[in-house]
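J.: Those sequence lines, one after another, are chains A and B.
Under this note's numbering, the residues of the first sequence are numbered 1 to 366, in order.
Under this note's numbering, the residues of the second sequence are numbered 1 to 366, in order.
In case anyone wonders, no lab produced these hints; they're calculated from the structure.
Be aware that a few hints might be false.
One copy or two, it doesn't matter: identical chains are merged, so the pair holds either way.
Taking lysine to aspartate or glutamate pairs in the EDC-like style, the calculated list, with each CA pair at most 20 Å apart, reads [stated by the list, open to error]: (1) Lys329 / Glu42; (2) Lys329 / Asp32; (3) Lys329 / Glu25.
From a predicted model like this one, the values you see are computed outputs, not experimental measurements.
Number of protein chains: 2
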Amino acid sequence: MKVGIVGGGQLARMLALAGVPLGHEFLVLTPDRDAPAAPVAELLLGDYDDPELLRTLAARVDVVTYEFENLPVDALARLAASVPLRPGVEALRISQDRAEEKACFTALGIPVAPYRPVASLEELREAAQQIPLPALLKTRRLGYDGKGQVPIASPDRLDEAWERIGKVPCLLESKIAFERELSIVAARDLQGEIRIYPLVENHHERGILRRSIAPAPALSSELLSQAEDYVFRLLQRLDYVGVLALECFVHEGRLLANEMAPRVHNSGHWTLEGADTSQFENHLRAITGAPLGSCSARGESRMLNLIGALPPLPELLAIEGAHVHLYGKEAKPGRKLGHVTLVGEPGASWPSRCQELESRVEIFLP
Amino acid sequence: MKVGIVGGGQLARMLALAGVPLGHEFLVLTPDRDAPAAPVAELLLGDYDDPELLRTLAARVDVVTYEFENLPVDALARLAASVPLRPGVEALRISQDRAEEKACFTALGIPVAPYRPVASLEELREAAQQIPLPALLKTRRLGYDGKGQVPIASPDRLDEAWERIGKVPCLLESKIAFERELSIVAARDLQGEIRIYPLVENHHERGILRRSIAPAPALSSELLSQAEDYVFRLLQRLDYVGVLALECFVHEGRLLANEMAPRVHNSGHWTLEGADTSQFENHLRAITGAPLGSCSARGESRMLNLIGALPPLPELLAIEGAHVHLYGKEAKPGRKLGHVTLVGEPGASWPSRCQELESRVEIFLP
């Protein structure tokens with residue numbers, strides 16, 4: 001099949017790398033001639049809301065997907081009128097707006113941290129009466145990798161926070177002293193079959209994913225079934241087709257949903273080597289109408305993002321068992337340039353192998 | 001690094017798919033605009049001995065490799081004068097000629113089936129006095145997938161066989177009633193380090209590889225160490241850099257070398273999912289000066305070639321645990337169009353999973 005992808009970053013690159021062996025061809029809409037997907041896909045160069053380009057994309061492919069969620073919903077809705085868009089516009093619309101997202105979670109009985117939408121300084125002041133400080137002021141839109149967030153420690157900082165966030169529609173969200181961050185990645189196919197990967201433990205640094213451990217260690221069966229239940233409800237509610245990630249906090253022993261991503265997700269990169277079927281292949285299976293593959297883990301995986309700078313490749317490859325994935329991007333502090341995954345059986349040598357990996361990879365944040 | 005590949009078939013395609021995640025770029029010399037490598041590499045369209053194209057290739061890449069061995073040695077020798085060619089010309093030269101190959105094996109103390117080079121009908125008649133019939137008349141050059149071979153059952157068929165083979169330089173080789181066909185794939189890096197994959201059992205139909213089972217079951221430790229010893233000697237003798245495959249027969253409990261391939265090999269495709277590091281990645285690691293990765297197997301693998309025709313993709317993907325690799329080639333009887341690999345732990349369900357795979361894949365031979 002000919003698959004269109006809106007966005008040409010590393011997720012598009014890894015989708016194409018997973019899809020070429022299945023015989024699929026890829027046409028990628030991106031404004032960037034040097035996009036990470038360029039070596040493995042044909043590019044359609046231009047803006048995401050260019051009507052002419054979107055018509056071309058629709059005419060030339062069998063199905064369209066997207067690799068990030070900050071896309072013009074109206075333009076994609078028009079696209080979806082002439083070619084199957086999977087996942088659909090609804091998932092995109094909801095995930096673009098933190099208020100919509102939280103409302104969706106709440107309507108499905110999925111718990112979230114206390115929050116209030118605010119659209120003015122007055123509303124922020126009111127909200128701060130109800131949401132205990134310290135809290136986070138988050139833009140409703142365009143937040144990723146820790147962007148679009150301002151912490152508020154005390155009531156005298158409300159004005160300053162409102163200035164810093166840019167006076168745009170926001171949420172004031174209770175700052176949860178969470179015990180752990182988890183994510184769950186799952187796929188739903190055209191027939192409605194759902195398969196769920198094991199829960200993953202994630203560690204962030206300044207809002208950027210640094211490390212994933214899969215399956216997340218020492219999980220109660222209660223947490224596990226909560227997470228599976230929540231992601232199941234979401235996939236059903238959205239009549240979803242493809243891979244979706246749900247990020248959660250563990251707070252006082254229970255899950256609170258933080259946000260969802262209607263796409264393959266960084267916390268699922270370990271599946272490339274650590275699971276029977278990678279998230280990239282399962283996303284493609286789903287959107288092309290094929291049955292899903294097994295989401296079982298092979299042993300334990302440790303995924304480390306390469307952020308801001310890259311060690312020399314031979315050094316990375318000298319780490320026994322390291323699976324290296326570079327994205328072909330120019331180095332820049334805070335930018336995700338690649339990732340490395342170790343897969344092993346938990347046992348005597350596993351912690352030291354993980355330790356070796358960690359010691360070889362420095363990160364550079366802005 | 002920028003890697004040049006001479007040849008654009010499925011091996012080039014899978015090399016590029018393995019190399020893009022390592023940040024390498026690929027420039028592929030092929031006469032075929034629709035070559036399997038086309039979706040994942042830049043093509044340099046033209047003939048393998050076009051001096052102008054070879055100069056362009058040398059100027060634009062850091063290292064050159066090849067994905068099949070029936071290439072003009074002189075042209076590649078000139079290429080090797082201006083850019084590193086890995087593996088080198090010597091391996092290419094020897095593997096192109098069955099007589100050179102057998103002589104090389106013999107010089108290294110690697111046993112082969114009895115054979116005699118023949119260049120005329122008279123020589124064939126003489127050879128038939130020394131090589132017990134039934135025997136195989138094989139062209140010295142350009143043999144692959146069972147091509148370039150004529151069986152000779154009895155002395156009265158010598159004239160006919162000489163006609164059928166085209167009166168070209170040949171070997172007359174004793175037709176061994178072998179018990180099994182095995183192959184061993186190994187890699188040697190720029191520093192001379194060698195890593196060896198587990199031995200593989202292969203089943204051919206009409207000279208075309210149908211099935212590989214890895215690791216080969218029920219091997220004596222003697223056979224195993226013989227095979228490792230032979231491939232080790234070959235790699236050392238050729239000062240080899242990259243992946244090499246050695247195909248062997250088991251005859252009366254001992255190994256006889258049949259032929260070698262100075263490249264990644266069909267009987268190593270199972271390593272994509274079944275080994276810690278795939279043969280494609282290890283070939284690239286070697287030729288780009290990086291250290292080799294582990295060749296350990298993960299459980300047991302069963303690789304089946306898709307020959308002549310393809311079942312519908314959703315049917316293939318419905319086989320639990322099937323890893324599907326299509327090559328983007330037009331269907332034609334006898335043509336390798338893709339392969340499917342199952343990886344599992346030997347146990348109760350493994351034989352039935354293999355059986356299911358086998359029952360879903362028909363092959364079409366000419």
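J.: It remains to establish, for every hint, whether it holds in the given structure.
T.: Here's how the hints hold up against the structure:
When the C-alpha separation of Lys329 and Glu42 is checked against a cutoff of 20 Å, the pair qualifies both within a copy, at 18 Å, and between copies, at 19 Å. For a Cα distance limit of 20 Å, the shortest separation of Lys329 from Asp32 inside one copy, 11 Å, qualifies, whereas the shortest one across copies, 30 Å, does not. Taking identical chains as interchangeable, the C-alpha atoms of Lys329 and Glu25 lie at most 20 Å apart only when they sit on different chains, with a minimum of 13 Å there against 22 Å within one chain.
Hint violations for this structure: none, all hints satisfied.
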